[in-house]
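Colleague: Each chain is listed here by its residues.
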Amino acid sequence: MLPTITVNNKKCTDPLSCRKCLLICPTHVLGLGTKVGPKKHQEIDPSQFIVAGVRFEKCTGCMDCVNVCPKSAIQVSF
Amino acid sequence: MCIWCERYADGYQRWYFNPANYARKLYKIRREETEALGAEANPQAAGGMALLTRGFLEALDRNDHEAVAKMKHDVEQIAWTTHFGQVVPLEDILKVIDMIYPIALMTCACRRSMLGIPDEENFTCMGMGPGMYKWERWPDTYRGGIQFLTPDEAKDIVTKLNKRGLVQTLFTFGTPYLAGICNCDYPDCSAIRTTIDYGIHFLWKGHHVARVDNELCNGCASCIHRCQFKALSFSATQNKAYIDLFQCFGCGLCVSECPQDAITMVERASFPALAKVW
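Residue numbers (our numbering), protein chains in the order written: chain A, 1 to 78; chain B, 1 to 278.
A hint or two may mislead.
Stated by the list, open to error - Within a straight-line C-alpha distance of at most 30 Å, the following computed DSS-like cross-link-like pairs (lysine-lysine) qualify:
{"id": "1", "chain 1": "B", "residue 1": "Lys134", "chain 2": "A", "residue 2": "Lys35"}
{"id": "2", "chain 1": "A", "residue 1": "Lys58", "chain 2": "A", "residue 2": "Lys20"}
{"id": "3", "chain 1": "B", "residue 1": "Lys163", "chain 2": "A", "residue 2": "Lys35"}
{"id": "4", "chain 1": "B", "residue 1": "Lys276", "chain 2": "A", "residue 2": "Lys20"}
{"id": "5", "chain 1": "A", "residue 1": "Lys35", "chain 2": "B", "residue 2": "Lys160"}
{"id": "6", "chain 1": "A", "residue 1": "Lys11", "chain 2": "A", "residue 2": "Lys58"}
{"id": "7", "chain 1": "A", "residue 1": "Lys35", "chain 2": "B", "residue 2": "Lys70"}
{"id": "8", "chain 1": "A", "residue 1": "Lys20", "chain 2": "B", "residue 2": "Lys160"}
{"id": "9", "chain 1": "A", "residue 1": "Lys58", "chain 2": "B", "residue 2": "Lys72"}
{"id": "10", "chain 1": "A", "residue 1": "Lys20", "chain 2": "B", "residue 2": "Lys25"}
{"id": "11", "chain 1": "A", "residue 1": "Lys58", "chain 2": "B", "residue 2": "Lys70"}
{"id": "12", "chain 1": "B", "residue 1": "Lys28", "chain 2": "A", "residue 2": "Lys58"}
{"id": "13", "chain 1": "B", "residue 1": "Lys276", "chain 2": "B", "residue 2": "Lys240"}
Calculated from the structure, these hints are not laboratory results.
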């Protein structure tokens, strides 16, 4: 069963330096990417970074990412 | 012989020993062809891994084998044309380093996306060839900058990364142009992960497999943590290391860790049933 994972980018403003959710996830479900994708000179900007669910099939529903997020930006539902 | 050797070795023992596969001519072809299509020739956009979407996972989840096979096929075709890797044992990587110039240390895009590793701790990737002179064109791909290395420095770094437990792989950027030496591990390398978890053939096995000699293995288990491919386990019954030869990628990491010299690298081609297992 695959979860729905939403990350509120208005609350999660600097995932590159926070990365608490990336480090706590026991199966590395979340990924750090950018809003702009591989686009020249834009992806270097930390404000463009976002966290998103990527490897959904490995999500156990432990909710550690939801609880660790200092901005309460992550929601996981099955 | 793997199909890449059949196509691109041109008389050399392996395709990655053929200097033509590192030539500037190929670098230019990749760049110009990409730009002619109106796309950015950013090397980071070369990959096919980003093409695997939630749709693929949903198809896997509902056991839609037909849809999975189709998506797998499509993604593999793109990857094999533009950007895929092969596991290469350390001794072969050291020979490659002697062939090519320049070599530069750069940050690993996979580990950045998996864990957000800060740039200064993330210099585990190497770029090769003329593209490295142009790194400033793509500051995002080469986030954290690059450090040019002498061949001796490059050999020293890959040897240390190998000791640390990272697998050496060579990656194409517009096949057969070889321009990346990656130092990979599970679960933070996208290529290993996609290959092992989804059975999508981004990362090809190497030309060897590792075999345990049960007479010599004393069951110390010091090799067990070295395998990044779920090929090596420990037989409690026999008190020996156990390698699934069909799953072995031939990186040699377990071999170098064995204090008894009980594991040896054997040519894949010498086993009839493994010769075509890539």
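Colleague: Each hint needs a verdict: does it hold in this structure or not?
Modeller: A quick look at each hint next to the structure:
1. B:Lys134 - A:Lys35: holds, 25 Å
2. A:Lys58 - A:Lys20: holds, 18 Å
3. B:Lys163 - A:Lys35: Given pair lysine 163 of chain B, lysine 35 of chain A is violated - Cα atoms ~36 Å apart, limit 30 Å.
4. B:Lys276 - A:Lys20: Judged against 30 Å, a Cα distance of about 43 Å means the pair is violated.
5. A:Lys35 - B:Lys160: Violated: lysine 35 of chain A and lysine 160 of chain B sit about 35 Å apart, past 30 Å.
6. A:Lys11 - A:Lys58: Measuring from Cα to Cα gives roughly 25 Å; hence the hint holds.
7. A:Lys35 - B:Lys70: Roughly 28 Å separates the two Cα atoms, so the pair holds.
8. A:Lys20 - B:Lys160: Within the cut-off at roughly 29 Å; holds.
9. A:Lys58 - B:Lys72: Distance ~19 Å between lysine 58 of chain A and lysine 72 of chain B Cα, so the pair holds.
10. A:Lys20 - B:Lys25: The given pair, whose Cα atoms are some 44 Å apart, is violated under the 30 Å limit.
11. A:Lys58 - B:Lys70: holds, 22 Å
12. B:Lys28 - A:Lys58: Not OK: lysine 28 of chain B and lysine 58 of chain A at ~40 Å, beyond 30 Å, violated.
13. B:Lys276 - B:Lys240: holds, 27 Å
Violation of the numbered hints given earlier is confined to hints 3, 4, 5, 10 and 12; the remaining hints are satisfied by the structure.
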